[in-house]
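Trainee: Single-letter residue listing:
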Amino acid sequence: MFVDFFYELRNRGLKVGLNEWLALMEALGLGLHRSSLTGFYNVARSILARSEADFDAFDQAFSSFFKGIEIESADLTKELLDWLENPASWVEDLDPEMLRRIEEMDLDELRRLFEERLKEQDARHDGGNRWVGTGGTSPFGWGGRRRGGVRVAGRGMWGSAMQVAGARLYREYRKDVVLDVRQIQVALRKLRELTREGAREELDVDATIDQTCRNAGELELVWRARRKNAVKVLLLMDVGGSMNPHARLVSRLFTAASKSNHFKDFQYYYFHNCVYDTLYETARFSDPISLGDLLGATTKDYKLVLVGDARMHPVELFRPGGAIHYWEWNPRPGIDSLSELAHHFRRSVWLNPTMPSLWGHITVKAVRSLFTMFPLTLEGLEDAVQALVAGPGDLRAGKAVSAKGSAF
Amino acid sequence: MRHRGETSFVRFQGTANYITSPALEDAVNVSLALGRPLLLKGEPGTGKTLLASSVADALAMPLIRWHIKSTTIAADGLYVYDTVQRLHDSRFGDADVSDIRRYIKLGPLGRSFASDEQVVLLIDEVDKADIEFPNDLLNELDTMEFTVTETGDEIRAKHRPFVVITSNNEKELPDAFLRRCVFHYIEFPDAGLMRRIVAVHHPDLASKVIDQCMDVFYKLRSLNGIRKKPSTSELIDWIAALKRSGMDLKRLKKGIPFAGTLLKQEQDLDLIAGGLF
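For the record, the sequence lines run as chains A and B. Counting from 1, one number per residue, gives the positions in the first sequence under my numbering. Counting from 1, one number per residue, gives the positions in the second sequence under my numbering.
Check before you lean on any hint, since a few could be wrong.
Claimed, not checked - Computed list of lysine-lysine pairs in DSS-like fashion (alpha-carbon distance at most 27 Å, straight line):
| id | chain 1 | residue 1 | chain 2 | residue 2 |
| --- | --- | --- | --- | --- |
| 1 | B | K229 | A | K228 |
| 2 | B | K69 | A | K264 |
| 3 | B | K69 | B | K219 |
| 4 | A | K190 | A | K300 |
| 5 | B | K41 | A | K190 |
| 6 | B | K228 | B | K264 |
| 7 | A | K190 | B | K229 |
Calculated from the structure, these hints are not laboratory results. Please read all numbers here as calculations on a predicted model, not as lab measurements.
Bound-form chain B, shown alone:
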């Protein structure tokens, strides 16, 4: 157990463009203070990915993104040894192949370690990768160092990066990994918070207009039989579309204009085609 005097770490309180809940702020600060990765889950469109750039903005740190795909392996995050290039150079090229370091390219995790200043590292959609992927990262995230086996170079984090990991719950994450993370589940914002979020993105909107839009939005979400509920980002896009079309509120009474920005599934659009309200 470490004892520390007055706290010296930076605190996050949201930014002008990103509204947080107190619980999320607390989770970010716990994660910053303890130096543990922050694991974010929540419905799609609740701003999981956005949080990382917002923290980076607020704390004036560079952001390094690592988008995980189904083919990503943990070692890619550390470094890639471009063997094919070196082979190519050795056979056909005139490049100097004796320096192996020229063919070592640091991955996102490696760059976040090697950086001269503290960075925010976003590991986006960690559940996309193979089920063993998070386990393969455990050691490096714990010790914040790794060795490039080809050169023997040790890459050690000069400043512990603030790691934000997002997951869409497509795969269950291993226990050992979860144990090391600070966890937060971004809930779907309630009307009050949503109003503030909308106001940030559309500051020029009259509150009566927001009321009406939110009314339609929450009605849609509560609709029985809807397959893909519209989320925050869709609401904001929808309002943007309404605004561009001149914001004719009378149209809202008759039906939902630009429903395609809110609902992405054909069945859902069919569902409201007959008129809802």
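Isolated chain A (complex conformation):
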């Protein structure tokens, strides 16, 4: 019966496994929840959630699971009370079938069974037979309670745990919602390639020992270079026009990237709508640099990150002279410039601040045929970084890795 709570958590994306389950059993067996539901909430969350990003899902699971009990069956209050006050017996009362299996089976087998039961649960759940509080056959007494029934130490523990869970205080920690500078920095930190380059200033003990032994004990010191991050990043940002609503988000990305001092080199340029033959060093489109010069100055091992909504009038992408600025007549269509970029660099990604549901637009599609596109969310950024650092290979391999990230 209690297992269902885990299924609920798993359904909501928490990585809860046997390990956590047994730990929770043990904690409850020790009475750590202080015979209260608030205590249970705290104990369960500290064991089952691995990051504050999990808290919201945990709260939702908790409130949906326990709310059902509250409404549906009031007659099991006593069992719940007993259980909360005497959890040791609860551990002993564990489903004997399950206990037997735990003893007999190895971990992998158990995992498999767990997964199977998870699927079963889904089916039953979908069938509309709500598994919470049906009939009270469970030995655990998660059956239900009357309002105000569990009052430990004079406090309505039930109410406060439900309030905490129901208020969804941790919604903003969800990974798929917010994106501040620090989070972007955290994501960008994974963008690294450690190599040994430069002055040899670190004693290589292993090699020293080896050389010394070879020299029959005559000391021979061997030095090596320290490990350094060799990642070089080129950031190209679309500004103005349809990007204005996303200006704040893009500026956060820029702040985070420019502050990430672990890059060996970081360059950035701006463009409007689409990259043509000229890019600009400022967002006000001054200090131009030609695309040819830029490509000449950046080797193919730069990680190319483009930011833009890729949404424009088809003419702007597919025709010569499509550039939106009157002073910038482009002899070749923007798509060719983009293609040159895509083929120059070994690794590239396109970050799009618009919703993936808008990516069916004709120009977005065309851009996606050249670059793997990720939404500018924390998850999207993490996937993009992964695509940028994924093992050696060419652009195509990068696409294979990140296909998951951009499929919506």
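Fit chain B to the supplied structure of chain A, relying on the hints for placement.
Mentor: What follows is chain B alone, placed relative to chain A:
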């Protein structure tokens, strides 16, 4: 699954100098009881590091600190074999180099194992180290023992140390590591808790004064466009500065005196320079 009778472990309930929330107390006690490391995350300045010394105080255990830097590797925590010293002694010195144990120095983790009494081990800012660092610690934290390969000595924990690990979220920690930890996220204290925290540090302050200070503090925090929100420790420092200057509350109405103790970024100071309230 272990069955235990009445619980024999010690329980933590905060100390006079460190105010906890019930959720944090529960997490500490779960961690103590299960013998799993406690992983603490939260905004800077919410007292993650302080918790370890507070637990050590409350339970009368010695505290061993291990501050992680970007260059720290897991093996440093167990022991360091001072090869260079031994080499030096062998070539130039008159020390006895035949005893290799003289050159084995236990690291913080090693010392916490070897200690004769139970200790609190603080692994501070675990996310500063290399991304693989937590994984390298898994086995030792699980089994609570390791072997000094040079001597064959086995170091086994006499008492399982209470391990507190703090992280500032600079790097994501590996799943296998997270699975073994009890997790708690220290939230930014609400006004009620903050009031109690301030009262602990400045017990002589009138509640009207605290009200006013907290008012300014929370206004600052809610300010749109602020880059680095002031935290608990900054509030306490700020009040200390106000106190030392004679606590002229009228000044609070005009602007924020000693704003530099609250705001650490130039842009943030510029933001409030024109007057806020």
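Trainee: Could you run down the list of hints and mark each one as holding or not?
Mentor: Results for each hint:
Distance check on the hinted pair: K229/B and K228/A sit about 32 Å apart at the alpha-carbon level, beyond 27 Å; violated. Pair hint K69/B plus K264/A holds up; C-alpha atoms about 20 Å apart against a cutoff of 27 Å. Restraint check for K69/B and K219/B: the C-alpha separation of about 35 Å exceeds 27 Å, so the hint is violated. With a C-alpha separation of about 20 Å, the suggested pair K190/A and K300/A falls inside the 27 Å cut-off, and the hint holds.
The suggested pairing of K41/B with K190/A holds, with an alpha-carbon distance near 19 Å, which does not exceed 27 Å. Pair hint K228/B plus K264/B holds up; C-alpha atoms about 7 Å apart against a cutoff of 27 Å. Among the hinted pairs, K190/A with K229/B is consistent with the structure: their alpha-carbon atoms are about 25 Å apart, no more than 27 Å.
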